[in-house]
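Visitor: Letter by letter, the chains look like this.
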Amino acid sequence: MEQLKIDNEVINHLLFHKSLIDEKDDATRINHYVNMLQKTDEGEHISIDNPFDRSIAIAFELVIKQHLNPWDIDLVNFSTMYLKKAKEEKIDLMTAGRIIYMAWKVLKLQSDDLVVSMKKTEEEYEPFGWGDIPTEMWLSKDDDYSYTNLVINMPESPLDEPVRREANRKVTLIELVEAFDEARKESEEYQILEKQRREERERLSELARKRMKGTAVEDHLEEDVKVVWEKINQFPKKTISIFDLCEKKGKEELIKVLLSVLFLAYDNKVLVYQKRFPFGKIYIKSMGYS
Amino acid sequence: MGKDEKRLVESILFSASKPVSINEIKENTGITPNKIKKILNELIEDYSVKRKNETSMEIVKAGDKYTMQVKKKYIDSSIMIAKPEINSNLLKTLTLIAFHQPLKQSNLRRMIGVKAYDHVDELATMKLIHSKKHGSTEMLTTTQLFPEYFGIDSTKPEEIKDFLIKKVSGKLNNIE
Amino acid sequence: MGKDEKRLVESILFSASKPVSINEIKENTGITPNKIKKILNELIEDYSVKRKNETSMEIVKAGDKYTMQVKKKYIDSSIMIAKPEINSNLLKTLTLIAFHQPLKQSNLRRMIGVKAYDHVDELATMKLIHSKKHGSTEMLTTTQLFPEYFGIDSTKPEEIKDFLIKKVSGKLNNIE
Chain V
1 MEQLKIDNEV INHLLFHKSL IDEKDDATRI NHYVNMLQKT DEGEHISIDN PFDRSIAIAF
61 ELVIKQHLNP WDIDLVNFST MYLKKAKEEK IDLMTAGRII YMAWKVLKLQ SDDLVVSMKK
121 TEEEYEPFGW GDIPTEMWLS KDDDYSYTNL VINMPESPLD EPVRREANRK VTLIELVEAF
181 DEARKESEEY QILEKQRREE RERLSELARK RMKGTAVEDH LEEDVKVVWE KINQFPKKTI
241 SIFDLCEKKG KEELIKVLLS VLFLAYDNKV LVYQKRFPFG KIYIKSMGYS
Chain E
1001 MGKDEKRLVE SILFSASKPV SINEIKENTG ITPNKIKKIL NELIEDYSVK RKNETSMEIV
1061 KAGDKYTMQV KKKYIDSSIM IAKPEINSNL LKTLTLIAFH QPLKQSNLRR MIGVKAYDHV
1121 DELATMKLIH SKKHGSTEML TTTQLFPEYF GIDSTKPEEI KDFLIKKVSG KLNNIE
Chain R
2001 MGKDEKRLVE SILFSASKPV SINEIKENTG ITPNKIKKIL NELIEDYSVK RKNETSMEIV
2061 KAGDKYTMQV KKKYIDSSIM IAKPEINSNL LKTLTLIAFH QPLKQSNLRR MIGVKAYDHV
2121 DELATMKLIH SKKHGSTEML TTTQLFPEYF GIDSTKPEEI KDFLIKKVSG KLNNIE
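Protein chains in written order, with my numbering: chain V, 1 to 290; chain E, 1001 to 1176; chain R, 2001 to 2176.
Rather than coming from a laboratory, the hints here were simulated on the basis of the structure. Using N, Cα and C, we set each Cβ at its ideal position, and we do this for glycine too. A few of these clues could be false.
Listed below are several chain R residues computed to face chain V (Cβ distance under 10 Å; list not exhaustive) [stated by the list, open to error]:
(1) V2049
(2) F2099
(3) Y2117
(4) I2165
The calculated DSS-like cross-link candidates involving lysine-lysine, where the alpha carbons are at most 25 Å apart (straight line), are [said to hold, decoys possible]:
(5) E/K1061 <-> R/K2065
(6) R/K2003 <-> R/K2065
(7) R/K2072 <-> E/K1073
Label-pair distances were calculated between CB atoms; the ranges are [claimed, not checked]:
(8) E/S1021 <-> V/P236: 27 to 33 Å
(9) E/M1126 <-> V/I255: 29 to 35 Å
(10) R/I2079 <-> V/K251: 30 to 36 Å
(11) R/I2165 <-> V/E247: 53 to 59 Å
(12) V/E182 <-> E/H1134: 22 to 28 Å
Next up, chain V with everything else stripped away, as it sits in the complex:
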């Protein structure tokens, strides 16, 4: 029973992504994955010629067999299992490695700089539980429906922003000195952490480099990264949107640019962030050569 639920989750996951992309574009590919998934569900072993498809198929198979939640995958465990499986299946490790490597990099970036701040801002205030989500549509209740329409069609908003004072005071000397003491301690701690992270990063990229050595993927990627980096440097502004770096509107270019940007972020040349995860706009901040 539990197993079935998770499998459905994987299919939902795919369908959800399908709903986000254009009809013609990548939908056929997603359809393809859904079919693939249904076949494995029926006990059919995956045998696909395209190496890229095969490596993805294995990823799905793993998620299903290991009862992983597709919305919340522990990438560390996943990578270990995935590479083991890929080896067993004699999958082209270059492609497989690339998938894991990119996933890892993104995860590392997130855990380095984002997770800490996210924890801090998380509020404990939770007036609702999942059980509170209305099952019927908002349209089905007359009052709710008319309220919504009223609000949308009003010339002004029903809520007024109150006017309060915005006064602030100067920082006191005590606060300055306390801040200095804290800053020193925090900076020391940060540097210790940063050293550990650097060593871990170096170890990982060494591993990945070995895996990708001499492949066509590596060559292309390096070239792409170079081009994107040059583009970023041509912008007078420090912060730009990822779309600023794309010439055409195609998904393929966007993915190529995103990959390059992730590499650059990994090298600390740029900072990549979203105001909202996962569908917010992606911003890139150049950090110079320093």
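Chain V is already provided as a structure; the job is to place chains E and R on it using the hints.
Guide: Chains E and R only, in chain V's frame:
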């Protein structure tokens, strides 16, 4: 002196520039929480009844906190000097989220169209709403800051809803 | 109505959060300068004489401008409740720059992480630090405003450094 304590609490409300809790007032004045509560109620009454025509400010309960702000009647002129932060379309979206909460992002999308995503972004950045993953969509609720920010005397969703209904009918009556 | 105009001016003084000129009041209310002057004098009188014991605020003339502020008597309790104009994270970064100056931006990055870039931007906007290109990185120093702001009796980096060390090692006790 009782009278002086009242003035002390008033001066805190004036200087804070944001809603303050009873605890914060206690920390800054040393007055006991019970006494502070009594003083706050007196102050609310003083401003809204006794001195009604002799002041352009009011003291209100905002969520679990208290604040001094300009009376609605005088907002139009003073808003120019204090610069509001939220435009009226965004305020409407916020109203809808507060009214229907917990509201699925996909339903908000159905109500107001694609701008829903940008608005959710902005409101979340302002910490006025929470957005939490729920399966394939996001569940939207207002945060604790919401009633504080707008001077709403409740943190309960049902009471916030009542407040919002009153607001809409108030505005509609003003227009006519 | 005269009474309402008085309230309008009062609401401007309250919400401005800083001294305002007669001209600024005029722009926001449309009342004539002569009338504004009259109203301001009345308000000063109301707060300081008529309502003397019924308010903790006062309206005063500050240079050519006017402002509403907390009476001296209540300042001690109320001052700390206002937000400091520099938030504590920014302040920490500022102290590191002051201590290590001249400090390479890349070194600051190593000390506190990527937030260094945002902080440098903000501090430079506040004119508390200077950032000058130096090869491929930026060189950071404090401005003259820095010692002024904190009442430190020196503009020399070495003396600022000594000052910070002494104060910290003095366990914050000797500052007054």
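Visitor: Please go over all the hints and tell whether each is borne out by the structure.
Guide: To see whether the hints hold, each was checked on the structure:
Given hint, R/V2049 at the interface with chain V, is violated; its Cβ is 24 Å from that chain's nearest Cβ, farther than 10 Å. Here the hint on R/F2099 is kept, as its CB sits about 7 Å from the closest CB of chain V, short of 10 Å. Checking R/Y2117 against chain V by beta carbon gives a least distance of about 6 Å; that is within 10 Å, so the hint holds. Given the 10 Å rule on beta carbons, the hint for R/I2165 holds: about 9 Å separates it from the nearest Cβ of chain V.
In summary, the hint linking E/K1061 to R/K2065 is not supported, as the alpha carbons are separated by about 32 Å, beyond the 25 Å threshold. With a C-alpha separation of about 22 Å, the suggested pairing of R/K2003 with R/K2065 holds against the 25 Å cut-off. At roughly 30 Å between alpha-carbon atoms, R/K2072 and E/K1073 are farther apart than 25 Å, so this suggested pair is violated. Judged by the Cβ atoms, the range 27 to 33 Å given for E/S1021 and V/P236 is violated: they are separated by roughly 46 Å.
Checked against the hint of 29 to 35 Å, the pair E/M1126 and V/I255 passes, with Cβ atoms roughly 32 Å apart. Look at R/I2079 against V/K251: about 56 Å separates their beta carbons, and that is not inside 30 to 36 Å. Between R/I2165 and V/E247 the Cβ separation comes to about 54 Å, which falls inside the hinted range of 53 to 59 Å. About 38 Å separates the C-beta atoms of V/E182 and E/H1134, a value inconsistent with the hinted range of 22 to 28 Å.
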